[in-house]
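Protein chains in written order, with the numbering used here: chain S, 1 to 413; chain Y, 1 to 413.
Read the hints as simulated data drawn from the structure, not as lab findings.
Possibly wrong hints are sitting among the right ones.
Pairs involving identical chains hold if they fit within one copy or between any two copies, as the list cannot separate such chains.
[Unchecked claim] Listed below are the simulated BS3-like cross-link pairs for lysine-lysine, each with C-alpha atoms no more than 30 Å apart in a straight line:
id	residue 1	residue 2
1	K104	K350
2	K272	K50
3	K192	K320
4	K74	K350
5	K12	K320
6	K107	K203
7	K249	K12
8	K31	K280
9	K50	K108
10	K350	K108
11	K280	K104
12	K50	K87
13	K272	K214
14	K108	K87
15	K320	K350
16	K108	K203
17	K146	K12
18	K350	K161
19	K107	K249
The residues making up each chain are set out below.
Protein chains: 2
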Amino acid sequence: MTKIDEMGARAKEASQEVAALSLEKRNAVLKQIARLLEEEHASIESANQKDLATAGDLTGPMQKRLTINASVLKGISSSLFSLIDLKDPLAGPYPSWVHETGFKIVKKTVPLGVVAMVYEARPNVTVDAAALAIKSGNAVILRGGKEAIQTNIALATLIQKALEQEGLNPAIVQLIEDTSHDSVNELLGLRKYVDVLIPRGSKGFIDFVVENAKVPVIETGAGNTHIFVDESADQEEALTVIVNAKTSKPAVCNAAEKLLVHEAIAADFLPKVVAALMEKGVEIRGDQAVQAIDSRVEAATDPDWETEYNDLIMAIHIVKDVDQAIDWINTYTTHHSETILSENAANVAKFMQQVDAAVVYQNVSSRFTDGFEFGFGAEIGISTQKLHARGPMGLPALTTIKYEVFGEGQVRN
Amino acid sequence: MTKIDEMGARAKEASQEVAALSLEKRNAVLKQIARLLEEEHASIESANQKDLATAGDLTGPMQKRLTINASVLKGISSSLFSLIDLKDPLAGPYPSWVHETGFKIVKKTVPLGVVAMVYEARPNVTVDAAALAIKSGNAVILRGGKEAIQTNIALATLIQKALEQEGLNPAIVQLIEDTSHDSVNELLGLRKYVDVLIPRGSKGFIDFVVENAKVPVIETGAGNTHIFVDESADQEEALTVIVNAKTSKPAVCNAAEKLLVHEAIAADFLPKVVAALMEKGVEIRGDQAVQAIDSRVEAATDPDWETEYNDLIMAIHIVKDVDQAIDWINTYTTHHSETILSENAANVAKFMQQVDAAVVYQNVSSRFTDGFEFGFGAEIGISTQKLHARGPMGLPALTTIKYEVFGEGQVRN
Numbered sequence: 001m002t003k004i005d006e007m008g009a010r011a012k013e014a015s016q017e018v019a020a021l022s023l024e025k026r027n028a029v030l031k032q033i034a035r036l037l038e039e040e041h042a043s044i045e046s047a048n049q050k051d052l053a054t055a056g057d058l059t060g061p062m063q064k065r066l067t068i069n070a071s072v073l074k075g076i077s078s079s080l081f082s083l084i085d086l087k088d089p090l091a092g093p094y095p096s097w098v099h100e101t102g103f104k105i106v107k108k109t110v111p112l113g114v115v116a117m118v119y120e121a122r123p124n125v126t127v128d129a130a131a132l133a134i135k136s137g138n139a140v141i142l143r144g145g146k147e148a149i150q151t152n153i154a155l156a157t158l159i160q161k162a163l164e165q166e167g168l169n170p171a172i173v174q175l176i177e178d179t180s181h182d183s184v185n186e187l188l189g190l191r192k193y194v195d196v197l198i199p200r201g202s203k204g205f206i207d208f209v210v211e212n213a214k215v216p217v218i219e220t221g222a223g224n225t226h227i228f229v230d231e232s233a234d235q236e237e238a239l240t241v242i243v244n245a246k247t248s249k250p251a252v253c254n255a256a257e258k259l260l261v262h263e264a265i266a267a268d269f270l271p272k273v274v275a276a277l278m279e280k281g282v283e284i285r286g287d288q289a290v291q292a293i294d295s296r297v298e299a300a301t302d303p304d305w306e307t308e309y310n311d312l313i314m315a316i317h318i319v320k321d322v323d324q325a326i327d328w329i330n331t332y333t334t335h336h337s338e339t340i341l342s343e344n345a346a347n348v349a350k351f352m353q354q355v356d357a358a359v360v361y362q363n364v365s366s367r368f369t370d371g372f373e374f375g376f377g378a379e380i381g382i383s384t385q386k387l388h389a390r391g392p393m394g395l396p397a398l399t400t401i402k403y404e405v406f407g408e409g410q411v412r413n
Numbered sequence: 001m002t003k004i005d006e007m008g009a010r011a012k013e014a015s016q017e018v019a020a021l022s023l024e025k026r027n028a029v030l031k032q033i034a035r036l037l038e039e040e041h042a043s044i045e046s047a048n049q050k051d052l053a054t055a056g057d058l059t060g061p062m063q064k065r066l067t068i069n070a071s072v073l074k075g076i077s078s079s080l081f082s083l084i085d086l087k088d089p090l091a092g093p094y095p096s097w098v099h100e101t102g103f104k105i106v107k108k109t110v111p112l113g114v115v116a117m118v119y120e121a122r123p124n125v126t127v128d129a130a131a132l133a134i135k136s137g138n139a140v141i142l143r144g145g146k147e148a149i150q151t152n153i154a155l156a157t158l159i160q161k162a163l164e165q166e167g168l169n170p171a172i173v174q175l176i177e178d179t180s181h182d183s184v185n186e187l188l189g190l191r192k193y194v195d196v197l198i199p200r201g202s203k204g205f206i207d208f209v210v211e212n213a214k215v216p217v218i219e220t221g222a223g224n225t226h227i228f229v230d231e232s233a234d235q236e237e238a239l240t241v242i243v244n245a246k247t248s249k250p251a252v253c254n255a256a257e258k259l260l261v262h263e264a265i266a267a268d269f270l271p272k273v274v275a276a277l278m279e280k281g282v283e284i285r286g287d288q289a290v291q292a293i294d295s296r297v298e299a300a301t302d303p304d305w306e307t308e309y310n311d312l313i314m315a316i317h318i319v320k321d322v323d324q325a326i327d328w329i330n331t332y333t334t335h336h337s338e339t340i341l342s343e344n345a346a347n348v349a350k351f352m353q354q355v356d357a358a359v360v361y362q363n364v365s366s367r368f369t370d371g372f373e374f375g376f377g378a379e380i381g382i383s384t385q386k387l388h389a390r391g392p393m394g395l396p397a398l399t400t401i402k403y404e405v406f407g408e409g410q411v412r413n
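Next up, chain S with everything else stripped away, as it sits in the complex (with noise of 0.2 Å):
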């Protein structure tokens, strides 16, 4: 047995205890997690000033995502508490019916089991996933970037001590603490023991995942977002909504990249938004007929098409009619979120319709594609597959179904 098998397994075992704790239990757990925070907040920073120290080469957005400081705490603590109050994702009532023989089905929701979750330099996910986990009665296995080590060995082990204080198996949530390539693939292979592997970083991480994982996997959060500009919408509401998109959070997923903008209006509108972007830092990128109409446009290049900037960039092709938006949408899309801004109802419901995506919005920035904006009150993560859960997540996507089935003695003839 590798180390990794060994996790595994001691990861299964104390997923059948954490399965069968009440909703109290497991929000005390949480509560502790929050009381160790605050308890022990100087360990955790000072474990994250040696992260910090070897950190020298990532990028200022990256620096800031690792960095753990007092403020990040409060905010970790003000999740866990969040989490605290959400409804039992394992509660009934359960449907259940009665066969013709007279035996009773009952269709309950149980925890998945499992969970391995693969991420980045994002300590912060290390506490989230372990609490969300938990909340919805799973074990969870979790294997963060090399940049983020220190502080992740440091949180795991509270988490640990937080679910010994309440007298639980600490294998409920373990961290792997080999950073090398080796443990991801290692992970990948675990059909064994790994119910679902949640990977969370950028497209090529993804990709690699899906392409090479045997456990099942929820593919997560690559957003290639494109906004159609049709010949209808109102242009005032269209500038607001794009502006918006592209410009309010550029390096998440949920903001927009491409801008399609519908030929009976370019001449008009191209310009004008244009300018409002540039207004705000973007870099304006088209093809030759978007040149052509504003010189300051530089040239798109192919890749640019399927490529998710992240960043103040943003790429604008010029279409005939809504059927050609729908169809170079479904070429380039990472089925997140796509949008329309159109006053036409028929070209709404077509473009609602056939466009392959998570979440299609008419009107709306797709800024909003969020598990807290939406309602769910936790996000675990934003599908861009079809099987299982899809677009924004909450805690029912860590649940399963199993039929219990009560009877006397029935047989089937």
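Given the coordinates of chain S, assemble chain Y onto it according to the supplied hints.
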């Protein structure tokens, strides 16, 4: 583009068309298929004769599965009419709610898109899978076994004729005529076009698919199912349930394969159950403790415990208590159906909670694990995984959700 790639592209395009059809139109296609099966039964049967003529190597049960005659065609036709009567799996009302800024979120039920089915020598699956896909608004790519290829070609041609007669794209249902391993391998990598792949076949085949697929897969069917006879079991009832679960249809996945007996009743109960099973022609295997009690029992070896016999063979093992039974089952289960025969409420509750299977029975034959017996009116297969669908799968397993958001220019701060 390879041939399979082209089929994928055509299926993706056709999936838009079938997704937009009214329930009436989808049902009209099913009716048309039923009509053509009656009209053209002679050509189907003659294609089937060609397959049977080259199937000399197959065992009796396999030959039987491969055969299409008047009575099989009648069965297929009556399945089509049952499917027509089922309610629309895509129909609303859909949950919807309003965000605090005033936009509306609708959680719609939509088809998965392109479903791929890979199966062995059962040509009835060709019609069945096509019909389930059409009813749920999906396009489907079928890849049947080489033993049934002539029959499958005839059936797929007939289904495409029905689609064309209804004015629809025949690529809604496509059959891969290449029965080499290459075509399966290519299908497993077709991430661009295939939304879900459902394999049907032996455990070895399904494991191969799960380990090699890059497309999303729903694991189905493998059933190494156990029955645990607790100390408190009603022994007369236990004999009836065990004999039914083992012998009423031994070749199917919900038939019992293993028997665990509580040590406190072993000396008394084992000779009775061995006699009852042997009377039905079942070969009994067991470890030394079982053989010591009943000398008619043959020796079981390690592979026995993980083998799905699909035959009149049963292996027996003695356990100390319900905990040991649960551990044993969780070690060897294929997560399909597991049974406890017991009158002890605490043991039943523990078994129900801790056994990791789609369906867990108390005092009922596991032969009831079936979409029709569960009241779903249809069956895509029995999912032995936890994501998306678990246990018998009805039409909803071929659907997913999509969030449609309607607003008036809302942006996120």
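Each hint tested on the structure:
{"no.": "1", "hint": "K104 - K350", "result": "between (44 Å within a copy, 18 Å between copies)"}
{"no.": "2", "hint": "K272 - K50", "result": "neither (48 Å within a copy, 69 Å between copies)"}
{"no.": "3", "hint": "K192 - K320", "result": "between (52 Å within a copy, 25 Å between copies)"}
{"no.": "4", "hint": "K74 - K350", "result": "neither (45 Å within a copy, 40 Å between copies)"}
{"no.": "5", "hint": "K12 - K320", "result": "between (55 Å within a copy, 22 Å between copies)"}
{"no.": "6", "hint": "K107 - K203", "result": "between (36 Å within a copy, 26 Å between copies)"}
{"no.": "7", "hint": "K249 - K12", "result": "neither (39 Å within a copy, 33 Å between copies)"}
{"no.": "8", "hint": "K31 - K280", "result": "neither (42 Å within a copy, 59 Å between copies)"}
{"no.": "9", "hint": "K50 - K108", "result": "neither (46 Å within a copy, 48 Å between copies)"}
{"no.": "10", "hint": "K350 - K108", "result": "between (38 Å within a copy, 15 Å between copies)"}
{"no.": "11", "hint": "K280 - K104", "result": "between (62 Å within a copy, 29 Å between copies)"}
{"no.": "12", "hint": "K50 - K87", "result": "neither (38 Å within a copy, 61 Å between copies)"}
{"no.": "13", "hint": "K272 - K214", "result": "neither (49 Å within a copy, 44 Å between copies)"}
{"no.": "14", "hint": "K108 - K87", "result": "both (16 Å within a copy, 24 Å between copies)"}
{"no.": "15", "hint": "K320 - K350", "result": "within (15 Å within a copy, 63 Å between copies)"}
{"no.": "16", "hint": "K108 - K203", "result": "between (35 Å within a copy, 27 Å between copies)"}
{"no.": "17", "hint": "K146 - K12", "result": "within (25 Å within a copy, 40 Å between copies)"}
{"no.": "18", "hint": "K350 - K161", "result": "between (54 Å within a copy, 28 Å between copies)"}
{"no.": "19", "hint": "K107 - K249", "result": "between (41 Å within a copy, 26 Å between copies)"}
Violated hints, listed in ascending order, are 2, 4, 7, 8, 9, 12 and 13; each of the other numbered hints is respected by the structure.
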